[in-house]
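Student: Could you slot chain D onto chain S? The hints should help.
Sequences listed follow chains S and D, in order. The first sequence: position 89 = 89 (this note's numbering), numbered continuously. With positions in the second sequence counted from 1, the corresponding number in this note's numbering is that position plus 1000.
Hint data in this document are derived by calculation from the structure and do not stem from the laboratory. Possibly wrong hints are sitting among the right ones.
[As the list claims (entries may be wrong)] Some chain S residues flagged as far from chain D (calculated, every beta-carbon gap over 12 Å):
1) S17
2) G25
3) W42
4) A78
5) P82
6) D95
7) A104
8) S109
9) L110
10) K112
11) I217
12) P218
[As the list claims (entries may be wrong)] Pairs of lysine-lysine residues, derived as DSS-like cross-links and limited to a Cα-Cα distance of at most 25 Å, are as follows:
13) S/K130 / D/K1115
14) D/K1097 / S/K216
15) S/K5 / D/K1125
16) S/K216 / D/K1092
17) D/K1157 / D/K1097
18) D/K1167 / D/K1151
19) S/K130 / D/K1125
20) D/K1125 / S/K112
21) D/K1025 / S/K11
Ideal Cβ positions, reconstructed from N, Cα and C, are used throughout, including at glycine.
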Amino acid sequence: MPFKKFLRLYKNIISMSVWSLCAVGGILFGVFPLAQKSVTVWRNVQALTKEVNVLKNKSDMLALLDEDTLRRHVLTLASAVPPDKSLPSILTAVDTVSGGSGLAIGDVSLIKPGSLATESAKKLSQDEAKIGASLLPFSVSGRGSFDQIRSFLSAITTVRRMFRVRSMNISFRDTLPSVRADLDAYYYPYPSAVGTTQSIVNLTPEEEQTIALVGKIPLASATSVSAMSASMPSGKDDPFSP
Amino acid sequence: MGRAGNINLITTTIETAPEFAGYFKILQKVSYTSLIVLIVSGVIVGSIFAYVSSRQSALRTEKNTLLAQINRQSVTEGLLLAVKQRVAVIDKILAGKQGVEPLFAIVDGVAAVGKPVSLLLDEFKTVTIVVHVGSVGEAITVADGILEKAKTNVITKPALASFTVNKEGGFDMGISFVVQL
Chain S
1 MPFKKFLRLY KNIISMSVWS LCAVGGILFG VFPLAQKSVT VWRNVQALTK EVNVLKNKSD
61 MLALLDEDTL RRHVLTLASA VPPDKSLPSI LTAVDTVSGG SGLAIGDVSL IKPGSLATES
121 AKKLSQDEAK IGASLLPFSV SGRGSFDQIR SFLSAITTVR RMFRVRSMNI SFRDTLPSVR
181 ADLDAYYYPY PSAVGTTQSI VNLTPEEEQT IALVGKIPLA SATSVSAMSA SMPSGKDDPF
241 SP
Chain D
1001 MGRAGNINLI TTTIETAPEF AGYFKILQKV SYTSLIVLIV SGVIVGSIFA YVSSRQSALR
1061 TEKNTLLAQI NRQSVTEGLL LAVKQRVAVI DKILAGKQGV EPLFAIVDGV AAVGKPVSLL
1121 LDEFKTVTIV VHVGSVGEAI TVADGILEKA KTNVITKPAL ASFTVNKEGG FDMGISFVVQ
1181 L
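The shape of chain S in the complex, shown without the other chains (with noise of 0.2 Å):
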């Protein structure tokens, strides 16, 4: 029986190299990739630190802000700028400008109105992007003297409705002077999504200080506020939602 006796020769040597392998393989089977999964999991671990971070910071963040504070604070601002074309707050401050002003308005259009919607989606022009708004163009004629045509062109940049002037035209041909302006109105949307990682910052003083500004801002008309307000966020998990 040649097996056995190499069996009974090798004995040792064959169980110590079967050792020798068992512990190798451990070590390279078991143990490497275990070392590997553990430093894979240590990065997890210092992602997932940073980002229980970030997370705990804006809790404790959220937790200190009043939430009817900033509700005040959207609705001053978005009569200002509003969440949408909002055309009825551009009719409405037109008249209230030209009714103190006392310019007789012939007509007021709107050019290319395009969508009622929220449009958060569209692509902005260049003007716009540069802005960071978007802007609706619109045109106003009226008549009256030099003095109120300067008064209505002047005030309709100083309400409550924020408004430039692009272009204009006055005629003082005939015995009343005529004027013709092309203004854009801004408006610019909520926002769609509210971000569950990204880490907020409270309102800076310079922030504060433009919503003060702007509160200041006399009010091109009350019902455009509480055309705002009823758009207003409330109660939702994502407030911005449709």
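Tutor: Only chain D this time, still in chain S's reference frame:
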């Protein structure tokens, strides 16, 4: 002979082949060392893995708790985000705010000499004023007034756009310039 009472005829000690005795000792050392390394490293790596896994699990739980808390405050978060974004936009609008009052101040100066006929402001801030003046002297005064404004950088690129004799007498003078609004 074996010990008394031992009836096993086969030898109980297994002899290694004498030619491999040296290799056997080395192999024995390698085998024990690798086993020790396996056990020690296994314990260490296993402990580390258990620790980081439990830490990961704890962090995940904490994250989910925080997310739930934040989700409950999503209205506040949305309002803060809305305020911040809107303030940024309004800041830009206010920074580039265009008032037309400086332009009217120029018209006032022109109207002191002549009678304005028309005033045109285009979107590139180019202004064209047509003024009716009674004489060449008045036209020169109007032009001087415009050039004076140009010196103070209120306006740039002043130019005489047109100069026509009016059928009612006098002249219609068109002046263009770019106004700094």
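Student: Taking C-beta pairs only, is S/I217 more than 12 Å away from all of chain D?
Tutor: Incorrect as stated: the minimum Cβ-Cβ distance to chain D is 10 Å, not above 12 Å.
Student: Confirm or reject the statement that S/P82 sits farther than 12 Å, beta carbon to beta carbon, from all of chain D.
Tutor: It is violated; S/P82 is separated from chain D by about 10 Å at its closest Cβ, not greater than 12 Å.
Student: Test the statement that S/A104 is away from the interface with chain D: the closest C-beta pair must be farther apart than 12 Å.
Tutor: 19 Å, holds
Student: Find the nearest Cβ of chain D to the Cβ of S/S109 and say whether that gap is larger than 12 Å.
Tutor: 17 Å, holds
Student: Would the hint linking S/K130 and D/K1115 be met if the CA-CA limit is 25 Å?
Tutor: Violated. S/K130 to D/K1115 sits at ~39 Å, over the 25 Å cutoff.
Student: Is it correct that the beta-carbon of S/A78 has no partner in chain D closer than or equal to 12 Å?
Tutor: The claim breaks: S/A78 does not keep its Cβ more than 12 Å from every Cβ of chain D (closest is about 7 Å).
Student: Is the hinted pair S/K216 and D/K1092 satisfied, with a Cα-Cα distance of at most 25 Å?
Tutor: 18 Å, holds
Student: Quick check for students: does the CB of S/L110 sit more than 12 Å from each CB in chain D?
Tutor: Since the minimum Cβ distance to chain D is about 17 Å, S/L110 lies beyond 12 Å and the statement holds.
Student: Holds or violated: D/K1167 and D/K1151, Cα atoms, limit 25 Å.
Tutor: 34 Å, violated
Student: Quickly compare the C-alpha distance for S/K130 and D/K1125 to 25 Å and report which way the hint goes.
Tutor: Given that 25 Å is the threshold and the Cα spacing comes to 17 Å, the pair holds.
Student: At 12 Å, judged by beta carbons, does S/S17 keep clear of chain D as stated?
Tutor: 6 Å, violated
Student: Taking the closest pair, is the beta carbon of S/P218 still more than 12 Å from chain D?
Tutor: Holds: least Cβ distance 15 Å, greater than 12 Å.
Hints 1, 2, 3, 4, 5, 11, 13, 15 and 18, counting from the list given before, are not met by this structure.
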